[in-house]
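Using the sequences provided together with the hints, build the complete structure.
Single-letter residue listing:
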Amino acid sequence: MATLVKAERLVKEFRVKSAILSPKKIVHAVDDVSFEIAEGEVLGLAGESGSGKSTTGRLLLRLIEPTSGRVEYRGTDVTAFGSEELRRLRQKIQIVFQDPVSSLSPRMSVGQAIGHPLEIHRLGAKESRKETVLSIMEKVGLSPAEYIYRKYPHQLSGGQSQRVVLARALVTRPDFVVADEPIAMADVSVRALILRLMQDLKAEFGLTYLFITHDLATAKYLCDRVAIMYLGRIVELASRDELFSKPHHPYAKALLAAVPIPDPRVRKPKNLPTGEIPSAIDPPGGCHFHPRCPHAMKVCSEGRPPLREVAPGHVSACYLD
Amino acid sequence: MPATMTATGGSAGPPSGDGAVAGTGEVLLGVRNLSIHYPIAIGTVRAVTDLSLDVYRGEVLGVVGESGCGKSTLGLSILNLQKSPGRIVSGEILVNGHDILALGPEDIRAVRGPKIGMIFQNPLTSLDPLMSIKDHFIETMRAHDPKIRKGQIIARAEAMLEDLGIEKRRLSEYPFQLSGGMRQRIMIGLTLILDPELLLADEPTTALDVIVEAGFTELLAKLKRKYNLTVVLVSHNLGLVAEIADRIAVMYAGRIVELATALEIFQDPRHPYTRGLMDCVPNILLDRKELVAMPGSPPDLVNESPCCPFAPRCPKVFARCLAETPRLLADAAPAGAAPAAAASAPAASAAAPRAVACFLHERTN
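Protein chains in written order, with numbering that gives the first Met the number 0: chain A, 0 to 320; chain B, 0 to 364.
I should point out that these hints are in silico values taken from the structure, not numbers from a laboratory. Be aware that a few hints might be false.
As the list claims (entries may be wrong) - What follows is a list of derived Cβ distance ranges for each label pair:
(1) A/Pro277 with B/Ala329: 29 to 35 Å
(2) A/Glu12 with B/Pro104: 51 to 57 Å
(3) A/Ser108 with B/Pro294: 22 to 28 Å
(4) A/Val298 with B/Tyr173: 36 to 42 Å
Unchecked claim - Here are the computed lysine to aspartate or glutamate pairs in the EDC-like style, where the Cα-Cα straight-line distance is at most 20 Å:
(5) A/Lys269 with B/Asp162
(6) A/Lys201 with A/Glu40
(7) A/Lys252 with B/Glu217
(8) A/Lys267 with B/Asp299
(9) A/Lys150 with B/Asp299
We put the beta carbon where it would ideally sit given N, CA and C, even for glycine.
Below, the structure is given as C-alpha cells:
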C-alpha cells in the first residue's frame, strides 16, 4: 500500500527557562524519530507520559514546528508549506485530543462547533452546511441529530462530547487522523463505544490513524502496527502480532508485562523495571533505558543503539538483538 | 513493625495471624442500610441507596462501577467524610461492631488514621508542597500522639520507607522532588505509619503510569501481608481490581448490584451490568477480543423511579424490571454453576455467598 504519511528523522527540542547565567536547558522531546504510515493503516504510538508520543503527533500536523527533520504527506514535504498550503493540508489531516470537554468551546453549540471547520475551510455552500453537519452527526451516532445540534457542551455526556469532537474532525473529510489518547479520560463503557466507533468510521471514510495511547491493551485492539517510544525515541516497531507475541526490546517487554489482566486466574509476578521514566532534560547517555534495564551491559551506556531489523518489518533498538 | 500505636476502642477480635490467608470470616467493617443524599437546587441526588456490605478482616474488597455510581461517596462515608452538602440520611457504619456515625468529633479522630487509613487518587494534592516528607510523618504521628519523640518518629519513618522501597535520604526532600510513583508510596506510608486495620484506597493508581501502576499494585499486595491489612479498593480499572481483589462489589446507581469473589465476577458474571462491564474491557492476552459496548450512561440519581436502575440499558429487561427495584439477594442459581474454588478464592468467600440484585436470578425465592 502507498505511504500516506512519513516522518523522517524528526527532532523536537524545547528550551526550558533557567536561571540567569546558568547553562540553557533543553528538553529532548522527540529525538530522531522516523516512521511511515500506509494508507488505511492504524499505527499505534505507545509509551508512558513523557515519552514524546503526543509531541510526535503534533509534529505530523505541524501544530508545532520540528527542530529538524521533515514530514511528508502523499510524498510532498509539508515542512516547508506556507500558511495557505498548510490550511489546505489541514482539511486532510486532523487531530482528536484526549479531553473532549476542553476541546470544545463552552460558548459554541454542537452544530456551530462541528460546522466551524467548514467555515474555516470555506467548504460547501452556506445553506448546505447544516445538512453536512447533521449527516456527519448521524454517522458518529449523535442522534437525534436535530435535537443535539442545538445543545451546548455542558449538556452533553462524556461519550457524546467525544463523538462531537470526532464529528468535527471528520466533517472536512480528512484521510488521516491523529487520535491522541482519545479514550484515556472516558469511563470503561464509553471507551469501548469510542473504540468501536473509530473502527466503523475508519471503514466508512477510508481513514488512516495514528493512535497515541499509553494502554497497550487498546492498542492491540485497534492497531495494525505499534511503535513503542521511550524518552523521545522509538525503541521498537512491529506489526501488532509480532509485537505482542515476540517483543524484543526490554522496555517493550516491561510495558507489556505491566498491563493489568482482567482475569483473576492470571496473577503472576511481573518482574518490573525499577524506577521511573527520567527527565528528558538530561536523559541518560547511550540507550536511555539502560539505568532501568535488567540486561544492561557496558556498551548500553556508551552509544545509542540503532534500530535494527530483527524480523521482516520488525525493528528494535537494543544491543542484545 | 512495632505496634506502638495501639488501636483505640472497639472489641477487636483475635489477631488475624500472618495474613497468609485472605479473609478470616470475621467482619471488620459492616455497612448497614446506608443512604447518602446530596441536596442540590433541582432536587436530591441519591448517591447511595440502602446499601449494606460486610468487609472481612484480611480481605481485599474491590468496589467497581462507572463514574457517578457512588463508589467514591461510599468510600468517603466509611470515614464519615462525604463531601458537603452530602449527608448520611440513614444507616450505620460499624467498625468492629461500633457505629462510627454515632461518634463525636474527638472520638472519630481516633478512628480516622489509627483504625482506618485512606489514600486518595492524586498524591500531589494530598501532600503539602511546603513540608518535607519527614515533616509529613511528624505531623501525622503527632496528631494522634502529641507526646511521641521526634527520634522515635524518624526511626519508624525510616523503617517504613524501607518497606516502600524508597531511600532514607528522601525524608528530607519535598514533594516536588519526588516522582509520581514515589509520592503515592509516601501517601501509603503516611497511612500505614499509624498501623490501621483497614485501608481505604480510592482510585490510588489513576494518576500513575502503567509500569508505576503495576509496581504500586505489587507493593500494595506486599504491604497488605506484612501489615495484616484489610483493604477496600475503589477503582474503575477492572484490570487492576482483577489483579488484587479477593471479592468485588459492583456498584450501579448508588447500589451494589453484584457481590462475589473476583473469580466469580470475572468468570461468571450474573448481573447484566457486570457482564456489560466485562465485555467492555480489552484483554491483552486475548487475540483481538470483540468489545461489546454498553449503550447509554448511568442514571442521574435525582429522579426517583420505581424500576431497576439498570433497566433502560439492560439487554435482558422484562416487565417486572420496570415495576420494581430488585434487592441484593443471595444468588439462587445452583451451586454447581459457579466455577470451582481456585487458589485465589479466599476463605472469606465461604462466609459470604455471592449476591445479585437482578430478577433474573431471583426465581427460586
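Check: Tell me, which hint numbers fail for this structure?
Finding: 1, 8
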